[in-house]
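Peer 1: We have chain A; now place chain B with the ligands onto it with these hints.
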Amino acid sequence: MKMNGGQALMKALESEGVDIMFGLPGGAILPVYDPLLDSSIRHVLVRHEQGAGHMAEGYAHATGRPGVAMVTSGPAATNIVTPLCDAYMDSIPMVVVTGQVPYAAIGTDAFQECDTTGITMSVTKHNYLVTEAADIPQVIHDAFHIATTGRPGPVLVDIPKDIVDPNNPRSAMEWYTPKDHDLPGYRPNRTGDAELIRQAAKLICEAERPVIYSGGGILKSRGAEALLELAELTGIHVVTTLMNRGGFPDDHPLCLGMPGMHGNFTAVTAMQEADLLIALGARFDDRVTGKVAGFAPHAKIIHVDIDSAELGKVRRPDVAIQGDCRLVIEDLVKALGEMGGSDAQPDRNPWRSRISGWQERFPLTYEQSKDDELLKPQFVLEQLRDSTPDDTIVASGVGQHQMWASQYWKFNHPYTWVNSGGLGTMGFAIPAAIGAKAGRPDRMVWAVDGDGCFQMTAQELVTAATEGFPIKVALINNAYLGMVRQWQEMFYEERYSEVYLTRDVPDYKMWAEALGCVGLRVESPEEVGPAIAQANEVDDRPVVVEFRCEAEENVYPMVPAGMSNSDVVVDPSQQDRPR
Amino acid sequence: MSAAPTNPVLGAEGGGTTTLVVRVENKAGVLARVAGLFARRGFNIESLAVAPTDDERFSRLTIVVGVDAAPMEQVVKQLDKLVNVVDIQELNSAASVERELMMVTVRADPAIRGQILDLVRVFQATVLNVGYDEIMVSLTGSPSRVDDFEDLLRPYGIVEVQRTGKVALPKLVKSAPDPLAP
Ligand SMILES: Cc1ncc(C[n+]2csc(CCOP(=O)(O)OP(=O)(O)O)c2C)c(N)n1
Ligand SMILES: [Mg+2]
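As you go down the protein sequences, you meet chains A and B in turn.
Under the working numbering, the letters of the first sequence match residues 203 to 781, in that order.
Under the working numbering, the letters of the second sequence match residues 179 to 360, in that order.
Errors might be hidden in some of the hints.
[Said to hold, decoys possible] Subject to a maximum C-alpha distance of 20 Å in a straight line, what follows is the list of computed SDA-like cross-link-like pairs (lysine to any residue):
no., chain 1, residue 1, chain 2, residue 2
1, A, 515, B, 219
2, B, 255, A, 778
3, B, 205, A, 392
4, B, 259, A, 591
5, B, 255, A, 393
No lab work stands behind these hints, which were simulated from the structure alone.
Bound-form chain A, shown alone (with noise of 0.2 Å):
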């Protein structure tokens, strides 16, 4: 079938599944946004670049397919560089789609042009300059393969203007349905080897103070239910990244919880007292390890990734197995199972009353607010936690209130929490909540914000409300960059150096009005049930709560910088207590 490169376009990511897409047109991306008229995939028109990006990895986040975003050149491509590295660090799939000047101007400083490729080489898994319409179907085709298959990542794809422009003849093609990927140097492999799961089984049966250490990997592998297997056949606790949290129910009895520099006490000592660690899918990030020489110090490691960079990138494993976490636990659970199963597990009662008595002695915790003073932003996500479904979505912004999510929400669904965890980027909450209610329309969605945080995205409302989503974000107004303050607070001698945002502008409530949403602020603990309540109501626009919290709120537990995670300072009324 004879058509123009921009149709193939089209027709090409009809044919990959997607059915939705968001991104905003300008002149170089111009000849695809016709074709896009006649498709069957939805647009969502955003308000910045940098929202189509962050809308495309909460879509992923949500439903484990590939996002997708679709934008001009040049400055449109780079404001999605940030979504791009931050989908690289967290490992989401995703294919971006950027506009080029024509072929034939590529290198003479055309109008908006900018080396798309070249800048994003670094953050992305990988990426292409289309430079034949011909190609088109086979890029697209590989574009998804590579983004979704091994290590998930995002994938650029760069199309110069004239191969998609129908009044070009360079646009001229024959439609062709791609069989085979062109990727002689791309084989992810994802079984497991069989004699390295059998000794990591054996391992298994020999420790006495083991903890399983999940990571984003599971979620990444749909590898939650084998790991519940797994801790379930072993009897074998389970910490919970952050990049995992919800691909491990946190109502279950052997669920930890997350590790980490906020992470709580228990999960962060289970780990330095172990003789075993089990890490799936989880890349010993510092924020997780301390100082790396003070890690765990008596643990044998296992780590199983499907990147085999990852394996004794960080600690040197026992044990190092590449595969895909969810094939590989399915292996290891045989294996044990070949061993004996339950059976073959040593008496683990006396590591077992170890960690009861640091959960009871070391729960998190925190003061509530007295009577003149403002909300305390725990409060807040207890409340919201227990006033919403169980399968409520949960995005967030990045900062304190990112880690109380985390710390006060009870994960029992994956793919339940949606947030940036590598990059740390500020303003994600927002639009990628937006993309996860893209993704999962029958699910509440809210979007936990800090005050800053909201301030760099909010733009993307407009979005939400215009193109009915009807997300909800609890905004924590501290008036702080909070997690900034803590650290100024805790290490340069409250020396505080522009981190305050100010407490009442902007009016967040009118604002939220303007940006076609519901606007509701609660300043005492009385108020937050009820807020949560109505917000709940609310299916025909985007709800705003602005949440006025205490600003000198510190999250704790708390690993100083650098510090081991033996050296976690725990919360004020606790550090008296005996470890």
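Peer 2: The following block gives chain B with the ligands in isolation, referenced to the frame of chain A:
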């Protein structure tokens, strides 16, 4: 003296090199991807040679990497993740045949030209061009032999020197397989 900083990925500073022979897809921008990866991950390239292969879809890069600057394992694994990298061979000097080409122009007053030509003869180098007080020669050989030749020419005054960086192939198996083996 302060200790060299150690980085869990990059390791400590130190000497020594390893040669990587990397087969890549013959596509625009591949060299930038490889060079970018080395820069981004803090790996150090000592030399780099690029050449076509017998199959026009691929090119071969011969990269000499500072060994202790990074655990070689990380370098290889990160390189292997590049979609355009097809395969990687790690060659140490003992198990490979290495060659490098040098072209060099040396000061050569007629009075001392004979001494330089002696060196050219001993090293089996080739005279490429002769001027009234300069001479241009080339040598192909193992990198250490090329080093020696360059060192011996230096006192005469090197005007300009170009080295290609080395290329290498693995040594061939010496013992024939046992004809009686199954
Ligand atoms: C784009 C970006 N800029 C700067 C930072 C550094 N940073 C991390 S947390 C934070 C403060 C966030 O403030 P707010 O959104 O109000 O959240 P809070 O910590 O007060 O809950 C800043 C500035 C960042 N993570 N991202
Ligand atoms: Mg704040």
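Peer 1: If you test the structure against every hint from before, which numbers come out violated?
Peer 2: Those not satisfied are hints 2, 3 and 4.
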